Amino acid sequence: MGRNIDRDLSRFKNIVRGRLRKDLRRYITHGEMLGRKGREVVSIPVPNISIPHFQHGPKGSGGVGQGEGDVGQPIGRGGQPGDGPGQAGDAPGRHVREVEVSLDELAEMLGEELELPRIEPKGKDTIKSKKDRYTTVRRTGPESLRHFKRTYKQALKRMIASNDYNIDAPRIIPMREDHIYRSWKSIPDPQANAAVIYVMDVSGSMTDDQKEIVRTESFWIDTWLQKQYDGVQTRYVIHDAVAREVDEDTFYRTRESGGTRISSAYQVARSIIQREFPPDAWNIYCFQFSDGDNWGEDNNECIKILTDEIIPHCNLFCYGQVESPYGSGDFIRELRKINEEHENLILSEIGNKDDIYDSIKTFLGKGK
Amino acid sequence: MPISTHRALPSDIAAVQDDMQQIAADYGLDFFETIFEIVDYEELSMIAAYGGFPTRYPHWRFGAQYDELMKGYSYGLQKIYEMVINTDPCYAYLLRCNAMTDQKLVIAHVYGHCDFFKNNAWFALTNRKMLDQMANHAARVNRYIDSHGQEAVEEFVDACLSLEDLIDPHSPHIKRTEKPVRAASTALEPRKDPSESDGSVGRFPSKDYMDAYINPPDVLQQEADQREEELRQAEESRSFPAEPQRDVLLFLLENAPLKDWERDVLSIIRDEAYYMAPQGQTKIMNEGWASYWHSKIMTHHGLTDAEVIDYADHHSGTMATSPQRLNPYKLGIELLKDIEERWNTGQFGPDYEQCDDLYEKEHWDKHLGLGREKIFEVRRIHNDVTFIDTFLTAEFCHKHKMFSFAYNDSSDYYEIASREFDEIKQQLLNSLTNHGRPFIYVTDGNHKNRGDLYLNHNYRGNELKLDYARDTLVNLQRIWRRPVHIESVIDDKPTVLSYDGKSHEMKAK
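These protein sequences, in sequence, are chains A and B.
When you line the first sequence up against the numbering used here, it's residues 132 to 499, in that order.
When you line the second sequence up against the numbering used here, it's residues 1044 to 1552, in that order.
Chain B on its own, in the form it takes in the complex (with noise of 0.2 Å):
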């Protein structure tokens, strides 16, 4: 559903879309249909703060991002340019007062994302008609409120919303056991087992005039008394899930005690924050991807003389770097004509990784030609992760200028720790891994055998922001209604947080 009635584009830019459709095609990009819709900038930041899709339900962060937007854009400090979204038909959005360069510079872009969206494997599951679901959300929401009030949904959604980064990116693409088994049912079967009641569990093999002395009857009775306990604690416990659960979302929705409202309006937040991961797994790829075909099809083709210099100025403002970020387009783009200048030359493989001289290796060429296609194959079967680990090489880096940085505690300063290969790719990795964020599964949802929920964060030398844990557990407690607990690393001791609904508690472990 477009925003409002379709308008149709005017006849010029209608002409370059054909022309632009028509190049990318020949280039071998494949994509859905693509329409565009040419917006003002008040529309354009309203469908942005929406996430792309015009109908969304109601939430005061849409609001405070349309109020960023729209303040940023009259203040002069930054433009959004293009604004697509992963459906088919894919729906794109023009800025209406952007010069025809710009607009062709976007519409390359934008067919570059749609190849993208079409062809990635991290993609292939997402909703394509998501346009439809967003605004059933919607719709479920809007009666939500009719019945229970503006205030309480939204304060729901906001805890919902606190916790929706915990869920399982991957989990889509892999085919668990059909239901999680609770411990506690699996704990009973062991007793089943024929062999413990006939007392051999335990019991070495021996002559029978020694047997007394190798499985000495007290033992074997202390050991048979062991298991006894250890099977009763195991039963008392009932902790479940039997593994950690990353999608802690899904053990929620399974588990906690909600109304039927509240339990939709969580599934509704879980179902939006798995369609849009793959855009967060993928940031560089697809940035990249789409900023290499827009350079491709400008410099070959859309361009005019006249429109070199603007088309120039507005490529390399999208492209720059400054030293606290990664530009995602700039890294994208340069490691995909990296990769496509390797596969040319032939500057992979074991002959060119083991080769000693420095001359021979720049020197090398092959003549392959085989770079455009290593690079449709990269896109369709990496992520941002992936593509990093298995293409980012030491001369990149080095060509690049790239460092790692690291939080210095003492001086709260950021400081450059490294220009070493290595240490490069090991941070950035880190980094991209799960969207930066942290690891947390749910190892107990009947910790203490008292119903409360029980998180642990994986740890990995990066600690959690207290403020915000701390805030995190009041809104998980409101949809667990138990005490809540995570299981972190403060201050480089193991500790636990908790909270009861009451009052905070932070326990070294």
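Chain A on its own, in the form it takes in the complex (with noise of 0.2 Å):
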């Protein structure tokens, strides 16, 4: 018999969840939920839900206290103590209540908020992994996995075919013929596979504004391709007049300066493709951000690697221009050249923090 207090406790949580669904939009744009990625569950803070009264608030409040002191000293911040010593004992804190979400749950929430389509995987035929099952047997194998009951039978058989049995003394002798292994067969399971290649520039001119607006924004994407695919492998890309491939701690942290050469960052990005991510088994993402300042020369060289030998491989090439004081923005101009000859190059432009929101609807919205 299921308690009531379990009724009413679904109960809650769903309506936390409405009140969460409700404010998605704060929650993407406000990084409030990163750094809380457990194993599959977030914990969002979400503001405590209440039923309210009329109450007094602040001004012109106060109680009485015991301890030490002189007048004048300041013992709490306004909204702190209780409303009065009526309650003091028993009344919980007006504090912020963390609710679990599961990272699916996430996605899904985002999907329908954003009006994300599913993505239509490329390459669900001919990406096959292989598992393993033990659904039958051998006549040969290690004696670990002998078939005690089947090779008995066998001994058996043999021994009454060939007349050896006698029915006063059942004694049945194995014979190395008689012996049966188990076995496996192997189950083709179909997989589709993804792949996110995450790339920022990380010179001078970004801020930690605008890192915290990449790193916002790639949690989102991540939640939502982790959701799409069954095993996505990420890869980070930090660059500013050289690049390399870092983990994800590093990614989200370094603050370096310098100057700028997107192409490096290129090069690495095709070379991890190459490496590890064969087109035609992989479905590529790619990431970039940037404050769009880059050392004038090289724009030609980053065009070049970029149609020849980088969006031809991808799903999507996705490219976010965060609004800098520093940097020029020309980059996203060199790319909106190419724009039209290429349909899984997206760009957008990231003004501030509010800007997420429709950032990654621009980029997940054509379910690539």
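Each hint can be trusted.
Here are the computed lysine-lysine pairs in the DSBU-like style, where the Cα-Cα straight-line distance is at most 35 Å:
(1) A:Lys497 <-> A:Lys484
(2) A:Lys190 <-> B:Lys1114
(3) B:Lys1122 <-> A:Lys190
(4) B:Lys1550 <-> A:Lys153
(5) B:Lys1468 <-> B:Lys1536
(6) A:Lys358 <-> A:Lys144
(7) B:Lys1218 <-> B:Lys1491
(8) A:Lys190 <-> B:Lys1444
Hints in this document: simulated from the structure, not taken from any laboratory.
In this text, all values refer to a predicted model and were calculated from it rather than measured experimentally.
Mind docking these for me? Both chains are given alone in their own frames, and the hints should help you get the complex.
Laid out in structure tokens, this is it:
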């Protein structure tokens, strides 16, 4: 029998989730969830849901306390002490409640909220991983896999057939040819795999604010792609004048300075694709974030690598240009020139945090 | 109805209960039969979330409460030790995983509560069969959910709960006029007054020849017109109730355009609010009384040598004070001890009050031995407000380092405001009165003769929290269906907040 409290609890959780869904846009644009990524669930702080009453505000309020201190000494911030001693002790604090939501569910909400189409993965048929199942038997194998019952039956059959079986002394002696071993069959397991390469400009002109934007957006893109594919491999590339592949932590935390040479990053991305992700077997996504400030002579080189060796292999190549007080923002113009020819090149300009929402929609709205 | 089939207490705890019951009775405590159940923490949290009653109507706030209790427990932030409800017989819950010392402490504490429930005057009119009543409420609400849907009912319950504290906790103890009379009908009466028709109203006695001077006809006429006008207005306005009414929920029950099921749900919420009210009114006394007795019983009878440290640890944990919150357990027990001490030594009455010699005052002892008797009397007749008002002394405040604090608007900090006895006492009484909640009255159920509802916040220096007030107005409007207004003071100016079902409005009065 389900307890009543479970019913009330799930009802409450639904309400909280509804609240979360309603305010998802706010959560998306503020990086409140980042760093909260657990293995499969994230905790999201949601303002406590309470029933409103007519009650006193802080203005003109006060109370009685106990302890040391002189007149005029502050004892707590506004809104901190309880409504009065009448409620002391048993009054729950007005803290923020953390709701645990699985990443799947979050992706679902994001999808509904942004009206993202489901992605049609390519290569569903071509990519196969194999799984082994122990469903059959063989005449040879390691002793550890010997099928005792079948071996016994086989020996029994043989002895009866050869008239060696004595009903008064039923001794069964299996011989080498009676042995039967468990064995496996390989079952093809169709799988859609995705590789995501994040490229970020960490040159001097990218401030912490901009990195925060990149971080937030990457989180949401990651969440969505994880939901769409069985196995998502993520690679991170940072660059200033030179580029290198880094781990997730470094990607988010590095602050470097120096000039900008975007082609260096493209070279690294190209080599990652060539080395690890054969394009006919992988759904490849590239997300590049930069303030658009590139070393002028480098642009041609960039376009060349991009059009010849990266874009043709990618499901999507997304370029998000974060507005920066320092950057010139030229690079997006270069890309716009080739935008016509490449359907899977998506450009987005991110002015501030509030644009993250629309930017995600632009990037993922094509269903590729 | 227990939460599950009744499980007999383990024999060792049952033995402790028998002991404790006997000791408590020997001290003169007088309680209903008390039934202890032993539960695990999940069950205890569930019962606590339901306010002590195992069967309640479905509502998400119980789930929220449960979630909070369970989380607090699993993160090691808090732990409920005891739970007892005011019914006959009293039900109390013990936590299975507690050590024997704690079980003893809790059992002794519970007998203190039970005695208080049974004997304190403010609990006299509560329904002692509330367990059944609550279960009835649950059944009724469930029926409405079956026929009107969970969403609809829950939404309405939310609206009612938002107003649940707008009751008059004193009303059960007062016999009022049988039925509130509508102002409009009383307004009709003066017209039938015979004195009015003969034109003698407003006339000064005078001699004939002076009459035209003392009672000039045009002035008389003017006054008569004015009266006529007032009468007409009074009739037109049809304001009711005649007197401001504090029980807003009752007013809504009688006058709001509710469907039958809605009216019933509102009356359920109101019943439960009235049942719970005395617990809010007597928090300090009730906890103080129970703590007084657990400490008395444990230190004089209950403890073995091995248990002393544990007991002292847990007792002092319960009594811990903090600068921002007055601990009702601590204040209650100390005040009761202080009273006992004063009446034992005779430190009360005019002689003592008027004594100027501090040395003599401090060593005042008439060996009266009236302390025990006095605290029993106190537990019978007082609630928190009268308790503090009568027995808080300057010496006590000083000894316990009490201070009053106030909100400083400019720094957004609460600051220690005073260590003067009068101010501390005043502040304490303020925050205890009406459980620290604002006083709100219905003043007009037909405001501007348009059927609007007009409430008045009885402003006493503490302003309403605006966002909450607005949300509450929305809920009020949901029930009243016509525009609703509340008059209060905001930023030191009299202001009327209104909500008409679509938009909020804030106007200076």
